[in-house]
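Here are the chains, one letter per residue:
There are 2 protein chains.
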Amino acid sequence: MTPSYLDFYRGRRTMITGGLGFIGSNLARRLVDVGADVLVVDALIPDSGGNTFNIAGIEDRIRVEIADVRDEAAIDSLVRDREIIFNLAGQVSHIDSMRDPYTDLDINCRAQLTMLEACRKHSPGVYVVFAGTRQVYGRPDRLPVDEEHLVRPADINGVNKAAGEYYHLLYNNVFGVRACSLRLTNVFGPRQLIRHNRQGFIGWFIRLAIEGREIQVFGDGSQMRDFVFVDDAADAFLRAGASDRCVGQVFNVGGDEPISHRDLVAMLVDTAGRGSVRFVDWPEDKKRIDIGSFYSDSTKFRTAVGWTPQVNLREGLCKTIAFYRDHMHRYVDDVTGGANP
Amino acid sequence: MTPSYLDFYRGRRTMITGGLGFIGSNLARRLVDVGADVLVVDALIPDSGGNTFNIAGIEDRIRVEIADVRDEAAIDSLVRDREIIFNLAGQVSHIDSMRDPYTDLDINCRAQLTMLEACRKHSPGVYVVFAGTRQVYGRPDRLPVDEEHLVRPADINGVNKAAGEYYHLLYNNVFGVRACSLRLTNVFGPRQLIRHNRQGFIGWFIRLAIEGREIQVFGDGSQMRDFVFVDDAADAFLRAGASDRCVGQVFNVGGDEPISHRDLVAMLVDTAGRGSVRFVDWPEDKKRIDIGSFYSDSTKFRTAVGWTPQVNLREGLCKTIAFYRDHMHRYVDDVTGGANP
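Protein sequence lines correspond, in order, to chains X and G.
The numbers in the first sequence follow this note's numbering, run straight up by one, and end at 341.
The numbers in the second sequence follow this note's numbering, run straight up by one, and end at 1341.
This is chain X alone, in the form it adopts within the complex (with noise of 0.2 Å):
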């Protein structure tokens, strides 16, 4: 028997933006399995993660809209029949948003304005689930961490982010535009971009190992961090999407098993038979932003919704490799260039 919370979206108006991207895509494919009418809008901006191979085998079943959301006509047209938009769109680089802010506040910031004004003049019925991160929490004060930790970014993309996210619940409370937000710690799994090292280190980590390369871990590796696999996220925005549970509401959604990074890729070397770690110094880039260890508590999202992580680290890991090891040349190569890459 399918779960309510499935049977849910049977001819529901789904939209997704950031729908070619990792976890866009990957709630796509979990979206057409339960019968849902899915929208998916991308910009394909590249090096950002989205990808014309992520939506291979269900191009026909969905409706893709190549459009940015910084462009508020398109937004406007394409919010209108709506019921539930999961906004993933983001520019989601650390490391970027310090070498170009701008463009990290065009896109997390004032994107999301233009979003949230298009649903409130053009869809005001409509119920948004914000993809939020835990990089909003910056360096924690005490682990896990839960929801009443303070917001204190550490890098201009978990400010951004932030305000992003505060959008969401301010056109909520005022407005009526129904939203929540769903803080993700590092998600993983097929779909990923691992074209480079700038949007996390676990999907270039998975592709080093792959590759039988060297990876290389800074500091002493002991700093911990926990993990979703990317069908427990996407089934994490499925569960949000369809509680009322959830509206106004901001939830962590993170992994039960908080690992170091050091174990972290000795299992990662010992699932894919292949590659190599060298502890080697931090970058000063990295280090002005790295954020020490975190893992945080989920409980509040546990209890509100019944999620819990259907696959473990390592069992994500052994997907994740088996897929790229198939696929990979879909995702080092260009993959923005068409519809057909």
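Calculated directly from the structure, the hints in this document are not laboratory data.
Glycine is no exception: its CB is placed at the ideal position from the N, C-alpha and C atoms.
Treat the hints loosely; a few may be bogus.
Taking CB as the label site, the calculated pair distances span [as the list claims (entries may be wrong)]:
hint: 1; chain 1: G; residue 1: 1143; chain 2: X; residue 2: 125; range: 46 to 52 Å
hint: 2; chain 1: G; residue 1: 1141; chain 2: X; residue 2: 66; range: 30 to 36 Å
hint: 3; chain 1: X; residue 1: 143; chain 2: G; residue 2: 1278; range: 50 to 56 Å
hint: 4; chain 1: G; residue 1: 1139; chain 2: X; residue 2: 318; range: 42 to 48 Å
hint: 5; chain 1: X; residue 1: 219; chain 2: G; residue 2: 1197; range: 53 to 59 Å
hint: 6; chain 1: X; residue 1: 274; chain 2: G; residue 2: 1102; range: 48 to 54 Å
hint: 7; chain 1: X; residue 1: 315; chain 2: G; residue 2: 1222; range: 25 to 31 Å
hint: 8; chain 1: G; residue 1: 1102; chain 2: X; residue 2: 284; range: 42 to 48 Å
hint: 9; chain 1: G; residue 1: 1278; chain 2: X; residue 2: 2; range: 54 to 60 Å
hint: 10; chain 1: G; residue 1: 1211; chain 2: X; residue 2: 100; range: 47 to 53 Å
Result set (BS3-like, lysine-lysine): computed pairs, CA atoms no more than 25 Å apart in a straight line [what the hints assert, rightly or not]:
hint: 11; chain 1: X; residue 1: 287; chain 2: G; residue 2: 1286
hint: 12; chain 1: X; residue 1: 286; chain 2: G; residue 2: 1287
hint: 13; chain 1: X; residue 1: 121; chain 2: G; residue 2: 1286
hint: 14; chain 1: X; residue 1: 121; chain 2: G; residue 2: 1287
On the provided structure of chain X, position chain G as indicated by the hints.
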């Protein structure tokens, strides 16, 4: 004997953004008194609070540049030789921010990045004291509100001011551009904009009382607020700018006499000897962004720099009323038209 924190400013190269505005101009006067080199930067945006009469009497002892903090080239050049920047330029109307979120974003987010980037590139030794706001807290969970309270803005202005503050702390932590933020509560006193009622209620109420008009209080007037007289706010900036202990920190700067709207208006009418009060229903647009009772705990700032409010509420109201009685036409006529309004 001059206290050491005032002595610190003798010959010091300071800059005040928003220096023709309410708090900025009062701060400029104090800085002139203590022998600082004062550069006032202001865009004189209509209806924003900038008023050339605010510097009457000190025009010859300061340098004034009419420039917009959104103008990168102008700011790049102005910050170059400055030692302390009091960064007060901002869009301060909550209600305007809801009607035009993009302008609020440009001034309170984007321009702050411009300012900080200018400092990073051209004046890395500068110390920036940012005018934050209690508005970042939104509707409080508990009273009084200290700095451990979550940031949860209730209007666009609050979101953007939060982001602007986060940028300052980030540039402090990551790029070594020293900065701190003072989260001011309701500041009142001479030189505040009273031409319209979209920038906080206190100045507007004072004007109505002086003009013998009816003051409308929303709801039953039981909401609590704390107030800081502008001389005390200026003193807070002077202490913060002279203190290494403030670097990288956020501080509440609030009054120590929380009072209900009802009692405040009664005190105001009594002090002015004119005006009357009427309790009316909340207008929809204001109700939506209202935060209930709010007053802050400034213990952290008091402890760090020894600041204590010197002017109590009644005395502050007396001084303010006397000022506007003498200069009303300078504040209700068009005030941004030229150098000699």
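Subject >> Violated hints - listed by number, lowest first >> reply: Violated hints (numbers, rising): 1, 2, 7, 8, 11 and 12; every other hint is consistent with the structure.
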